[in-house]
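*Asks:* Going line by line, the protein sequences match chains C and R. Numbering follows the numbering used here, with no gaps: position 202 of the first sequence is 635. Numbering follows the numbering used here, with no gaps: position 3 of the second sequence is 436.
Calculated directly from the structure, the hints in this document are not laboratory data. One should not assume that every hint holds.
Because identical chains cannot be distinguished in the list, a pair is counted as satisfied if it fits within a single copy or across any two copies.
Within a straight-line C-alpha distance of at most 20 Å, the following computed PhoX-like cross-link-like pairs (lysine-lysine) qualify [to be verified]:
| hint | residue 1 | residue 2 |
| --- | --- | --- |
| 1 | K791 | K801 |
| 2 | K476 | K622 |
| 3 | K622 | K748 |
| 4 | K661 | K748 |
| 5 | K450 | K619 |
| 6 | K622 | K594 |
| 7 | K476 | K594 |
| 8 | K683 | K476 |
| 9 | K698 | K476 |
| 10 | K698 | K450 |
| 11 | K698 | K713 |
Number of protein chains: 2
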Amino acid sequence: MSRRVAIVGIGLTPFGKRSDASISELAFEAGREAIRDAGVDAKDIGFLAVGNAGGWSAEALPAVLISEYLGLDQPGSLRVEAACATGSAAIKVAYDAITSGSVDVAMALGVERMNESPTPTVVELIGRAGNYFWEFENFGLTFPGYYAIYATAYMDRYGAKEEDIAEVAVKNHYYGSMNPYAQFQKPVKLEEVMSSRYIAWPLKLLECSPITDGAAAAVLASEEVARKLTDSPVWIKGMGYATGTANLSKRADFLGLEPASRAAKAAYAQAGIDPSRPYKQIDVATVHDCFSIAEILAYEDLGFARRGEGYMLLKEHQTHIGGLIPVNLDGGLKSKGHPIGATGVGMAVEAVKQLRRKAERGRQADVKNGVALAHNVGGTGHYAYVTVYSID
Amino acid sequence: MSRRVAIVGIGLTPFGKRSDASISELAFEAGREAIRDAGVDAKDIGFLAVGNAGGWSAEALPAVLISEYLGLDQPGSLRVEAACATGSAAIKVAYDAITSGSVDVAMALGVERMNESPTPTVVELIGRAGNYFWEFENFGLTFPGYYAIYATAYMDRYGAKEEDIAEVAVKNHYYGSMNPYAQFQKPVKLEEVMSSRYIAWPLKLLECSPITDGAAAAVLASEEVARKLTDSPVWIKGMGYATGTANLSKRADFLGLEPASRAAKAAYAQAGIDPSRPYKQIDVATVHDCFSIAEILAYEDLGFARRGEGYMLLKEHQTHIGGLIPVNLDGGLKSKGHPIGATGVGMAVEAVKQLRRKAERGRQADVKNGVALAHNVGGTGHYAYVTVYSID
Numbered sequence: 434m435s436r437r438v439a440i441v442g443i444g445l446t447p448f449g450k451r452s453d454a455s456i457s458e459l460a461f462e463a464g465r466e467a468i469r470d471a472g473v474d475a476k477d478i479g480f481l482a483v484g485n486a487g488g489w490s491a492e493a494l495p496a497v498l499i500s501e502y503l504g505l506d507q508p509g510s511l512r513v514e515a516a517c518a519t520g521s522a523a524i525k526v527a528y529d530a531i532t533s534g535s536v537d538v539a540m541a542l543g544v545e546r547m548n549e550s551p552t553p554t555v556v557e558l559i560g561r562a563g564n565y566f567w568e569f570e571n572f573g574l575t576f577p578g579y580y581a582i583y584a585t586a587y588m589d590r591y592g593a594k595e596e597d598i599a600e601v602a603v604k605n606h607y608y609g610s611m612n613p614y615a616q617f618q619k620p621v622k623l624e625e626v627m628s629s630r631y632i633a634w635p636l637k638l639l640e641c642s643p644i645t646d647g648a649a650a651a652v653l654a655s656e657e658v659a660r661k662l663t664d665s666p667v668w669i670k671g672m673g674y675a676t677g678t679a680n681l682s683k684r685a686d687f688l689g690l691e692p693a694s695r696a697a698k699a700a701y702a703q704a705g706i707d708p709s710r711p712y713k714q715i716d717v718a719t720v721h722d723c724f725s726i727a728e729i730l731a732y733e734d735l736g737f738a739r740r741g742e743g744y745m746l747l748k749e750h751q752t753h754i755g756g757l758i759p760v761n762l763d764g765g766l767k768s769k770g771h772p773i774g775a776t777g778v779g780m781a782v783e784a785v786k787q788l789r790r791k792a793e794r795g796r797q798a799d800v801k802n803g804v805a806l807a808h809n810v811g812g813t814g815h816y817a818y819v820t821v822y823s824i825d
Numbered sequence: 434m435s436r437r438v439a440i441v442g443i444g445l446t447p448f449g450k451r452s453d454a455s456i457s458e459l460a461f462e463a464g465r466e467a468i469r470d471a472g473v474d475a476k477d478i479g480f481l482a483v484g485n486a487g488g489w490s491a492e493a494l495p496a497v498l499i500s501e502y503l504g505l506d507q508p509g510s511l512r513v514e515a516a517c518a519t520g521s522a523a524i525k526v527a528y529d530a531i532t533s534g535s536v537d538v539a540m541a542l543g544v545e546r547m548n549e550s551p552t553p554t555v556v557e558l559i560g561r562a563g564n565y566f567w568e569f570e571n572f573g574l575t576f577p578g579y580y581a582i583y584a585t586a587y588m589d590r591y592g593a594k595e596e597d598i599a600e601v602a603v604k605n606h607y608y609g610s611m612n613p614y615a616q617f618q619k620p621v622k623l624e625e626v627m628s629s630r631y632i633a634w635p636l637k638l639l640e641c642s643p644i645t646d647g648a649a650a651a652v653l654a655s656e657e658v659a660r661k662l663t664d665s666p667v668w669i670k671g672m673g674y675a676t677g678t679a680n681l682s683k684r685a686d687f688l689g690l691e692p693a694s695r696a697a698k699a700a701y702a703q704a705g706i707d708p709s710r711p712y713k714q715i716d717v718a719t720v721h722d723c724f725s726i727a728e729i730l731a732y733e734d735l736g737f738a739r740r741g742e743g744y745m746l747l748k749e750h751q752t753h754i755g756g757l758i759p760v761n762l763d764g765g766l767k768s769k770g771h772p773i774g775a776t777g778v779g780m781a782v783e784a785v786k787q788l789r790r791k792a793e794r795g796r797q798a799d800v801k802n803g804v805a806l807a808h809n810v811g812g813t814g815h816y817a818y819v820t821v822y823s824i825d
């Protein structure tokens, strides 16, 4: 039986265009807040896992610098990358450092400064996160195109309409408008989403997550230390992860991200969540809505809806507050932003905030069971991490 | 008490210029060999940690592709970077995945394809592994310059001569000449080293490790599984790691890499090695000789010699076979090559090979206690991993 691990401190920077801060300064903002929130001495942090995909930043190997900026006592540190699931991979590495018994307190810190490179360069670099050689180099696929394939397959198979999928953006901008840390803080109407220009049909500009700078941090502690630090630890109750083929031509269909289903099963089993009706136990979820369609696939991969019925959840406002299971009350990647390395750690920050009932007015879920979920995928869905957080 | 972990399988590609193979193919070569050597089914590998610093490769996010090439059963995977200690960081992550109890078998696979970019680009990218903003961007320091500072300080303080430091290259080329996996397989004379051109005074061309492509892999298993797989597991007996300031101006002196001393202390304590005379228990060591001077600093940081006396060990052939403690019998980074992500994993491969008494003729240490050590540093010495391997 592994040691229990809790998140005892969280920190977040505003997401957006952050030309005011270097990568180390961004990391400092979030990390310092997490240390203060945890009430630990920086010197007690025994390990630092930095989630940073990089490629667009001049500072290519930032882990030690970040440790130094934060005044840590020069513990072990490393940088982790798992494409857009980088932040969750950093949490896994910090979690393992504690469950293995090697340290009692560790930090997962995700940071990305994507605006350092021009947007076309960033889009090109992200494009390499698929199957680089065959799909990017030979066919020129970039991410809007990848997810457009999923959207067209889904519409074709289940009869969902462009409007149905576009509703994801409307919900997430609505909640993002109440999140002072979000990149976009204004609601958008369905008509605005529908009339925004096509990026890759049927996905339109307002259905794509933006290029974002930002950082997020979480301090993790063993049970013994967590109990001393706080009366309200948030336990990592289940952590499922899986990878799948990076090769589109080898996928059975484009109607779901298969590794996400496997990761969810593993996380539910570890956390004692009934996979046939997870929404009965989970109060609130964040899911990886890099594009609108991705959120709908996530509903189905996570068992929130049956196959082909995810878009109906949205129509019925079942993933709004008051519905079956509210999703992305922080605005999601769509409105909050998607600073790649920070995204997964930002989901942990949001889970803790919701379970502490400290989300801003209008976007706080009704927390009954004290359970939250984070779903973070990478590549074209070939990395998946699903984490279940619980107050007990 | 953590679970014990052993290396049960190793694989290595020839190091050198490998324009014949993609990054995934290189990884496949080493990974397949490690899987066969371990006698495991690829599908039993529960986690894959890929060590890859990247930056010079078009395939920027290779972890999942490598998993797929190797026929793994789509387990969790991620990429790890800790500058030139990347390979050891991958071993740490795979080790923690087992000691944490989350999986029984994991693979650490280091791979780098540095020749994909032109050499000046590679040297520039490596230069960013120091303190990028102040030292690289403002002062233009690259790695030969960094280590030249250490060499001049050492010569000034202890009276060592250029010839004394150059002897590292002579020893390592000598042993590399017997290693069919080494990039350079011919011995060099001291006069050749001395007459090679200066890269950064006092360091000459033949004192610098080369730009290298290559991969190395290790299959790690829990004690229970290891006992079933093999009669000759090699246990990870101690793993020490530390970071230090990346900022030269904050270092007390340039006469050692302080984090390496701390990492050694931690590894010795865990492994039950007497830090005052580690050479009494350790049969053979690999150390991070990215530049000749680095090997001499390593002797002192590891306690093989007193401060200022490391170069004398070499003079007396105490780090040759038959001496106090033989070092870098695989040729070291100097002659075997330094494919960054693969280097640390390659050290583990060498430790296992030596402890199995399977090193090639002329470069096999006399294994009495069954204990080997690997010393891998990153950045300008601000990352350090020291690992102790043992047959029991």
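*Asks:* Is the C-alpha distance from K622 to K594 at most 20 Å within one copy, between copies, in both cases, or in neither?
*Replies:* Cα proximity of K622 and K594: one copy only (16 Å, versus 75 Å across).
*Asks:* Can you give me the call for K683 and K476, within, between, both or neither, at a CA distance of at most 20 Å?
*Replies:* between (48 Å within a copy, 18 Å between copies)
*Asks:* One pair to classify: K661 and K748, alpha carbons no more than 20 Å apart. Within, between, both, or neither?
*Replies:* neither (45 Å within a copy, 55 Å between copies)
*Asks:* From the Cα coordinates, with 20 Å as the cut-off, is the pair K698 and K713 best called within, between, both, or neither?
*Replies:* within (15 Å within a copy, 51 Å between copies)
*Asks:* Please sort K791 with K801 into within, between, both or neither, judging by C-alpha distance up to 20 Å.
*Replies:* within (14 Å within a copy, 61 Å between copies)
*Asks:* Up to 20 Å between alpha-carbons, please classify K450 paired with K619: within, between, both or neither.
*Replies:* within (16 Å within a copy, 53 Å between copies)
*Asks:* For K698 and K476, with the copy left unspecified, which applies at a CA distance of at most 20 Å: within, between, both, or neither?
*Replies:* between (37 Å within a copy, 19 Å between copies)
*Asks:* Check K622 against K748 for me: Cα-Cα at most 20 Å, and say if that holds within a copy, between copies, both or neither.
*Replies:* within (14 Å within a copy, 78 Å between copies)
*Asks:* Please sort K698 with K450 into within, between, both or neither, judging by C-alpha distance up to 20 Å.
*Replies:* Close neither inside one copy (36 Å) nor across copies (44 Å); limit 20 Å.
*Asks:* Using 20 Å as the alpha-carbon threshold, which applies to K476 and K622: within, between, both, or neither?
*Replies:* neither (48 Å within a copy, 48 Å between copies)
*Asks:* Give the relationship of K476 and K594 under a CA distance limit of 20 Å: within one copy only, between copies only, both, or neither.
*Replies:* Classified as neither: same-chain Cα gap 54 Å, cross-chain 40 Å, threshold 20 Å.
Violated hints for the displayed structure, listed by number in ascending order: 2, 4, 7 and 10.
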